[in-house]
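Trainee: Protein chains in written order, with numbering that gives the first Met the number 0: chain A, 0 to 242; chain B, 0 to 242; chain C, 0 to 242; chain D, 0 to 242.
By construction, these hints were calculated from the structure, which means they are not laboratory data. Hints may be right or wrong, so weigh each one.
Since copy identity is lost for identical chains, a pair holds within one copy or between any two.
[Stated by the list, open to error] As a list, the in silico DMTMM-like pairs of lysine to aspartate or glutamate whose alpha-carbon atoms are at most 20 Å apart:
#1 K102 <-> E47
#2 K81 <-> D113
#3 K81 <-> D155
#4 K81 <-> E118
#5 K106 <-> E80
#6 K69 <-> D160
#7 K102 <-> E77
#8 K58 <-> D129
#9 K69 <-> E49
#10 K19 <-> E30
#11 K59 <-> E88
#12 K106 <-> E47
#13 K102 <-> E30
#14 K102 <-> D54
#15 K59 <-> E30
#16 K69 <-> E88
#17 K106 <-> E77
#18 K106 <-> D155
Protein chains: 4
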Amino acid sequence: MHVTVWNENRHEKTNPEVRKVYPEGIHGAIEQFLQGEGRSISTAVLDEPEHGLTDDVLKKTDVLVWWGHKAHDEVEDEVVEKVHARVLEGMGLIVLHSGHFSKIFRKLMGTSCDLKWREADETERLWVVDPSHPLTEGIGEYIEIEREEMYGEHFDIPTPDELVMMSWFEGGEVFRSLCTFHRGNGRIVYFRPGHETYPTYYHKDVQRVIQNAVQWAAPNTRPRPVYGNHNDPLETIQPKGDL
Amino acid sequence: MHVTVWNENRHEKTNPEVRKVYPEGIHGAIEQFLQGEGRSISTAVLDEPEHGLTDDVLKKTDVLVWWGHKAHDEVEDEVVEKVHARVLEGMGLIVLHSGHFSKIFRKLMGTSCDLKWREADETERLWVVDPSHPLTEGIGEYIEIEREEMYGEHFDIPTPDELVMMSWFEGGEVFRSLCTFHRGNGRIVYFRPGHETYPTYYHKDVQRVIQNAVQWAAPNTRPRPVYGNHNDPLETIQPKGDL
Amino acid sequence: MHVTVWNENRHEKTNPEVRKVYPEGIHGAIEQFLQGEGRSISTAVLDEPEHGLTDDVLKKTDVLVWWGHKAHDEVEDEVVEKVHARVLEGMGLIVLHSGHFSKIFRKLMGTSCDLKWREADETERLWVVDPSHPLTEGIGEYIEIEREEMYGEHFDIPTPDELVMMSWFEGGEVFRSLCTFHRGNGRIVYFRPGHETYPTYYHKDVQRVIQNAVQWAAPNTRPRPVYGNHNDPLETIQPKGDL
Amino acid sequence: MHVTVWNENRHEKTNPEVRKVYPEGIHGAIEQFLQGEGRSISTAVLDEPEHGLTDDVLKKTDVLVWWGHKAHDEVEDEVVEKVHARVLEGMGLIVLHSGHFSKIFRKLMGTSCDLKWREADETERLWVVDPSHPLTEGIGEYIEIEREEMYGEHFDIPTPDELVMMSWFEGGEVFRSLCTFHRGNGRIVYFRPGHETYPTYYHKDVQRVIQNAVQWAAPNTRPRPVYGNHNDPLETIQPKGDL
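Same shape as in the complex, but just chain A (with noise of 0.2 Å):
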C-alpha cells in the first residue's frame, strides 16, 4: 500500500512556534509514524508544482492523508478535480482537523463544512461511540488531549456513515470527531485533533487512530461498476416460460 501525507505547509514557513512542535513540518511528523506495516509513504506540499500531486503520484496512492488550514483557495481547482476522481475510483482519503475546510472535502460532503471553533488550550477528550469498529483498535473507552482548539457543533457536514467519537471540550462544547463516509468507491475518514500549535500528532492515541484509518480506507481490488446504456441484461436473463 502507498500512502501520500499532504500538507499545507505554510505555518511551519512562517510561525516559529509551529516549527518548534514540528520541525519536519506536520507532513513529516505523519510520514514518520505511519512507517512500518509493509506501507510505503511518500509527502506532497503545497508549494510543489502541482502541489505535489501529479497524475503519477495520485495514480500510485492507494490512501491520500490531508492536513490543509490558512491556504485552502490556493489549491488549484483541477488539482482537486483529479483527487476527487480518485476518490471516487477508490482511493481512500483521510482528511484531518482544519481540513475539514479543504476545497476536495466540501466537494466530496456538498456541505458547507463550517462549524463553531475556539483557541483557549481547552482540554479535548473523544469517546468512543462504536465500540466494535476497527478504527478504534488500541483505543481505550476514550483519548485525552490536554490542549487542543474547540470545534463545536453544529458540524454543517452530511449524515456520516458511521459516527464513531464524539468529543469533549472544556468549555461546553461536542463535535462528531471520527467520522467515516463512503463516496464512489473511495472511504473517507474525518478525524478532528491537530491544531498546528499542539503536540497533537506526538500523541500515541491520535497516531493510532491515523494508521487505523489508514488501513481502513484502502482500497479493494474489485472491479469498478459499469454505467450508462445497459442492454445486455435483457439477453443474458431469460424468464422462465413456467412463470
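Since the structure of chain A is already known, use the hints to place chains B, C and D on it.
Mentor: Just chains B, C and D, lined up with the frame of chain A:
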C-alpha cells in the same frame, strides 16, 4: 391522536424530595404539557392492574410515553410483549431518561442499553447535531439544564436511525441524547433528560422536544405489510414477449 | 408553504410524443396535482431569465421540485450556487428521475450520481422498505408502473439518510428509488420515476409520493446554527466549585 | 481466528433431496470452503448437547455462522442468551438465509424479522449497492443464482448499519440481501441465499461473500467499555482556573 403517558410512579411515593418536585407524579407533569393541539392524553402507572396497559388502552394509543427506573423488573413480561407487538404494528414510543433500561426498550433494541452514570448536580448541554430535524422545531442551538444526572458513553444501543442531539456534561462525558429508531411500523424516540429529583420536565425546551416527539412518532395510516407465502405476483406480473 | 416546480421543458418543445403526454409540460402536470392543502405553487423553466429562479423566487420558495434531462449543462453555475445556498439554508428539494444528473444534485451529493439505464418499455415495481416513513402515507406495499425507463445499480450516491423504496425492473435490475438526504438545514428527496415519454406523473401513487415529499421536505422555522469564532460559552458556563 | 459453523441439520436427515445436495450437511459444505487463511473451523449442530454451543466453544469462537430453518423453536433459550451475551461481548455472527427467523437473530434485531417467500425455482440476482465495502471483495457487479427460493420485502428488520447487496427476483420482488449491523461490540452480517434444496453454498461468489463476512466480523482486541457508576472523571479532569 391519543397519547398514553406511562410512569413507574414509585419514587414519587417513597421519596419526599421527588414528591415535592412532582406532586402529581412525573406522569402528571408530562400529561399537563402535552395537552393541546388536538391530542387526548391519559396516564397509566405500574401499580394499576396490567400496569394500566390493557388491550383497550394499547389499542387506542397512538403514542406511548415511558418513564421507569427502579422497578423495571416488576413490569410483567406479558405486558411487555403486548407493547412490543403494538410498536411493531405502528404505535409510537417515546422512552425517557432511565427508561433506557426498561424491558420494552431493551427488547426493541436487542442490546444491553447500558451506560455510565453519576449523580453530581452537573450542568448538561444538549447540542443539536441535525438542525433540519422536526424534533428540534422551536429549539435553539442547544438546551442547557442547570443540574442533571450524568449519562455517559458508551451507550450500548444500535446505531440510531437519526442522531439529533448530543449531550455535554460538566464532568467530562458526552452522550447520544436524542435518537430516533424505527422498528416494524413503529417510530421510537429516546430522549435522555429527566432524573426524578430535578425539575427537568418543567424546562420549556425539554417539554418542546417531547411535544415534537409525540407528533413525529404518530403512526401513519397505510395498511401494514403482509408477510409469509407470497405466490400472487407470479400471476400478476407477466414478462413481456419481446424480452 | 410555497412550492416552485422547475422543469427543463425542452423535450416538450422538440418531441411531439412528449408534448402529447404532457401538453402543459411536465411542470404543468406536477403543478396541477400539487394544488391544495394550503400550498401555493408556481413553475419555472430553463429558458426563462435566470431559469426562472431569481433571488425573489428562491427566497419565497419553501420546496423546489426539479426535473431536468438533456440540458443540465445549460443551467448557469451562478444559479446552481444560489439554489445550493438556499438548500443549506433550509429550502426543501425534490429531485425527480433524470434530475439525478443535474448540477444541483451532483453538487449536493459530492459524487458522480451515475447509474445504468435502458429504454425498453419495462415494468417497474417500487417496493416500500420503510413502512413507517411518512413518504409512504397512502401507498400500498408497492407501486407498479406498467412501462418505464430502467435505472439500475450501482447508483453512485452517498448512502441515503433513509432508503424508503427500492425498484424492481423486468430486465433484471434493482434501484434505490426513493431516498432522503439532509444537507445543512435542507431536506432532500430523490424519487426515480418519470421518463418523459411515459404518463408516469398521472399515476396516482407517484403523485401521492411527490405530495408527501413536498410536505416532508418543508423547512422548520427554527433559527439557523451560527458558525465561526465561538468564545461566548467560556463566559456563560461556569464550572461548579464543588467539582 | 476460530470460526464455528452452526447448523440445524434436520433437513439433511429427513429429506433425501437435501442430503443429495449436502451429503456432509450444510455445515459441512460451509466448513470446507472456510478452510484456509489461518482460520480454524469447527461445526456444531442442534442435536448435540447444548446444541454444540457449550461455554468452552462459545468462549473460543471469534465468529459464529448460523443456519437454521424448521426447528428454531427447539433452540434452548438458555443457549440463545449465551450466544447473545457473546455477540455483545464481541463475537461476530453471520446469519444465513432462513436464519432470519432464528431466536438469536430476532433477539438481536428486536423486530419480527418476517418477510415474504415463495418456492418457485426463480433466478436471483444480488446487486452490489456499496462497491467500496470489504464484503464485496472479489465479487463482480452482481451475483447470479440460477434457482433459489424468493425472499421479498418488506423484510422486518431495523435499518441496517450498511446495506451492501440487494436481490432481484424473477417473480417481481426485491430484498435487502447483504446487510451489516453492530450490536454491543459484536459485528453481525445477514446474507440471504441458501435454500436447502439448491446447491447455493457451492456457488463461488456466495462462498466468497461468506469468507469476506467472516473476516469482516472478527472481533477487535480492545478492552470493552465499562458501564455503571462513573465517578472517576470528576477527579481526573480539572476545569482550568482561567475559565
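Trainee: Hint by hint, which ones does this structure get wrong, listed from lowest number up?
Mentor: Checked against the structure, the hints that fail are numbers 4, 6, 8, 12, 13, 16, while the rest are satisfied.
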